[in-house]
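Student: Turn these sequences into a full structure, and let the hints guide you.
If you read the sequences in order, they're chains Y and U. The opening position of the first sequence corresponds to residue 21 in our numbering, with each subsequent residue numbered one higher. The opening position of the second sequence corresponds to residue 1256 in our numbering, with each subsequent residue numbered one higher.
None of these hints come from the bench; they were simulated from the model. Honestly, I wouldn't trust all of these hints.
Here are some chain U residues the structure puts well away from chain Y; computed CB gaps all over 12 Å [to be verified]:
(1) Pro1263
(2) Thr1268
(3) His1279
(4) Asn1283
(5) Ser1322
(6) Thr1337
(7) Gln1340
(8) Ser1355
Going by beta-carbon spacing under 8 Å, a handful of chain U positions derived as facing chain Y [as the list claims (entries may be wrong)]:
(9) Tyr1319
(10) Phe1361
(11) Glu1363
Ideal Cβ positions, reconstructed from N, Cα and C, are used throughout, including at glycine.
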Amino acid sequence: DQQVKQNSPSLSVQEGRISILNCDYTNSMFDYFLWYKKYPAEGPTFLISISSIKDKNEDGRFTVFLNKSAKHLSLHIVPSQPGDSAVYFCAAREYGNKLVFGAGTILRVKS
Amino acid sequence: DAGITQSPRHKVTETGTPVTLRCHQTENHRYMYWYRQDPGHGLRLIHYSYGVKDTDKGEVSDGYSVSRSKTEDFLLTLESATSSQTSVYFCAISETTSGSAGELFFGEGSRLTVL
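Tutor: Encoded structure:
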């Protein structure tokens, strides 16, 4: 049973507009949530994280929002750029410093 | 970039043969992990290590074993490869500090094809 779910396999947005990637989780014991970005033939790279005691974290064009009551988080990218086209993975940290990943969302930013 | 090297980067093998993938780090991080990436499943944890000779199973550990005899090296072994183990394997490292997310840093991946 998947503890971290990304229900949208893909998302397409126009350059300059906002990209919103969503993630749901089931385990209330996760203490951190992270987003990773992955280009083809490369390893995932860390993008941004949020503690379970926060509801928002911002880093440049990237903002992550956490709604604990709904067990939902989202990544906002504003403005979206063609170089943002990649697979985005949501991850949650459980005991033992292990990350549980979602299935990923393919983001395509059209110029 | 975190100093993580995976070898081999590509391998084709036959069903029933043993395979070992190597992960080498130069960061002296305590934690090391092996994940596999498959379409529709994202990244799934196979095994991880929290110190030399300290390892534990992950979500999809059946058919895999690991060893960590030195801080810098983490080996993943498929004793008898099966076609279901065709995948891209990623090694990752991490060093936790209090109050941080303990993000993982990933290698570039090893693509394994089992015929």
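Student: Now, for every hint given, state plainly whether the structure supports it.
Tutor: Hint by hint, here is what the structure shows:
no., hint, result
1, Pro1263, "holds (15 Å)"
2, Thr1268, "holds (20 Å)"
3, His1279, "holds (14 Å)"
4, Asn1283, "holds (16 Å)"
5, Ser1322, "holds (18 Å)"
6, Thr1337, "holds (22 Å)"
7, Gln1340, "holds (19 Å)"
8, Ser1355, "violated (8 Å)"
9, Tyr1319, "violated (16 Å)"
10, Phe1361, "holds (3 Å)"
11, Glu1363, "holds (5 Å)"
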